[in-house]
Amino acid sequence: MTYCKIQKSVLLFSVVAVLQGSAHVFGEESKLPSAAGAPPAATLSTTTEKIRLTRKSEAYWEVTFNNPPLNIVGPSEVRELAKIVGQIEADGRVKVVVFDSAVPGYFIAHYDLLGPLKDSTGMEPGPTGMHPVPDVMVRISRLKAATIVSIRGRASGIGSELALAADMRFASREKAVVSQFEVGAGFVPGGGPMARLPRLVGRGRAMEMLIGAEGFDGELAERYGYVNRALPDSQLDSFVDALATRIASFDGQAIADAKTLINQASLPPDSEMQPGWDAFITSVQRPAAQARLKVLVEEGLQRPGNVERNLNEYTAKYR
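Each residue of the sequence shown is one higher than the one before, starting from 0 at the first, in numbering that gives the first Met the number 0.
It should be emphasised that the hints constitute simulated quantities derived from the structure, not laboratory data.
Take the hints with a grain of salt, since some may be wrong.
Said to hold, decoys possible - The calculated lysine-lysine pairs, modelled on DSS-like cross-linking and capped at a C-alpha distance of 30 Å, are:
| id | residue 1 | residue 2 |
| --- | --- | --- |
| 1 | K55 | K174 |
| 2 | K174 | K117 |
| 3 | K55 | K258 |
| 4 | K258 | K82 |
| 5 | K316 | K82 |
| 6 | K117 | K55 |
| 7 | K82 | K49 |
| 8 | K117 | K82 |
| 9 | K143 | K49 |
| 10 | K82 | K55 |
| 11 | K49 | K174 |
| 12 | K316 | K143 |
| 13 | K49 | K117 |
To be verified - DEER-style ranges, computed between Cβ atoms:
| id | residue 1 | residue 2 | range |
| --- | --- | --- | --- |
| 14 | Q252 | R198 | 24 to 30 Å |
| 15 | N262 | G128 | 17 to 23 Å |
| 16 | A315 | A255 | 42 to 48 Å |
| 17 | A287 | S237 | 42 to 48 Å |
| 18 | T281 | S237 | 23 to 29 Å |
| 19 | K117 | G85 | 21 to 27 Å |
| 20 | E48 | V182 | 31 to 37 Å |
| 21 | S237 | Q86 | 25 to 31 Å |
| 22 | T281 | N65 | 28 to 34 Å |
| 23 | Q263 | E88 | 37 to 43 Å |
Keep in mind that this is a model prediction, so the values were computed, not measured.
From the three backbone atoms N, C-alpha and C, an ideal C-beta is built for every residue, glycine too.
Given the sequences, and given the hints that come with them, work out the whole structure.
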């Protein structure tokens, strides 16, 4: 399916019709009962800055996801992130960027599955010509500055995909969980992990992570080569900050030149990225995906509670 055809789709998750009053998936408002008294997903995080940019120095920037309670990323957050990436691209003094989270338990839970269709498919292509999701992933990978992701909590779906787009990943041994849960929910990941994971961890382990759709703790993610290191949680922040500070002290041109050569040897071609998003859009409309999503939404998807904390287990319970 081409990007133009995707924009003309009538439904992304036509679970709306299936749920019949349980909830709107890619609709205007969630009407499911809240888990543990939490507010419905549509009302969350209306007063906080969702992505915070901190310039720790002219050479060292920090991008913090701050969209409680789950750090859901949807079209508005993708636009915010794209603007920040544009600022990094435009400032030649930036040498290192750290991506982290201010939300306990979650780096990024996953893409927003309850918003209106047009918000996702109606987005204008980014500078690469691709949809903004694969566009921002490619642009992060090709920044001249070194990029580091600090993972504490769940990095699922687009959270994992953003981590994979960065140059380096470090995880809390006790608190990190990385996951590409999508196949378990009946659809295909859309942010490029099919292109990146085989090159990073090997074909067999990529199959296990993508098709097995399990969650991997920090220690196992390190063993598989998904993260550079898994550190004791108490040491994660200080380690990442020390590494970023060290890199920020180096010559920017040397960093950029080294990255260019490493990218040539290791990054997937940009042409492999858009097909993943196209496959995501196609797959979430299939009846099998809609049926699985219906159950997940009814059980508490995208609201604080057991489903989001144990999403990989809940996707495997469907019969």
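For each hint, the structure was consulted:
1. K55 <-> K174: Between K55 and K174 the Cα gap is close to 25 Å, so the pair holds against 30 Å.
2. K174 <-> K117: violated (35 Å)
3. K55 <-> K258: holds (22 Å)
4. K258 <-> K82: Distance ~22 Å between K258 and K82 Cα, so the pair holds.
5. K316 <-> K82: Roughly 39 Å between the alpha carbons, so the hint for K316 and K82 is violated.
6. K117 <-> K55: This hinted pair is violated, its Cα atoms lying about 37 Å apart.
7. K82 <-> K49: At roughly 13 Å apart (the allowed maximum being 30 Å), K49 and K82 satisfy the hint.
8. K117 <-> K82: Given that 30 Å is the threshold and the Cα spacing comes to 20 Å, the pair holds.
9. K143 <-> K49: holds (25 Å)
10. K82 <-> K55: holds (18 Å)
11. K49 <-> K174: holds (22 Å)
12. K316 <-> K143: violated (44 Å)
13. K49 <-> K117: Given pair K49, K117 holds - Cα atoms ~21 Å apart, limit 30 Å.
14. Q252 <-> R198: 24 to 30 Å: holds (26 Å)
15. N262 <-> G128: 17 to 23 Å: holds (19 Å)
16. A315 <-> A255: 42 to 48 Å: holds (43 Å)
17. A287 <-> S237: 42 to 48 Å: Since A287 and S237 have Cβ atoms about 46 Å apart, the given range 42 to 48 Å holds.
18. T281 <-> S237: 23 to 29 Å: violated (44 Å)
19. K117 <-> G85: 21 to 27 Å: Cβ of K117 to Cβ of G85: about 23 Å, so the range 21 to 27 Å holds.
20. E48 <-> V182: 31 to 37 Å: holds (33 Å)
21. S237 <-> Q86: 25 to 31 Å: Roughly 26 Å apart at Cβ, these two residues keep to the hinted range, so it holds.
22. T281 <-> N65: 28 to 34 Å: holds (32 Å)
23. Q263 <-> E88: 37 to 43 Å: violated (19 Å)
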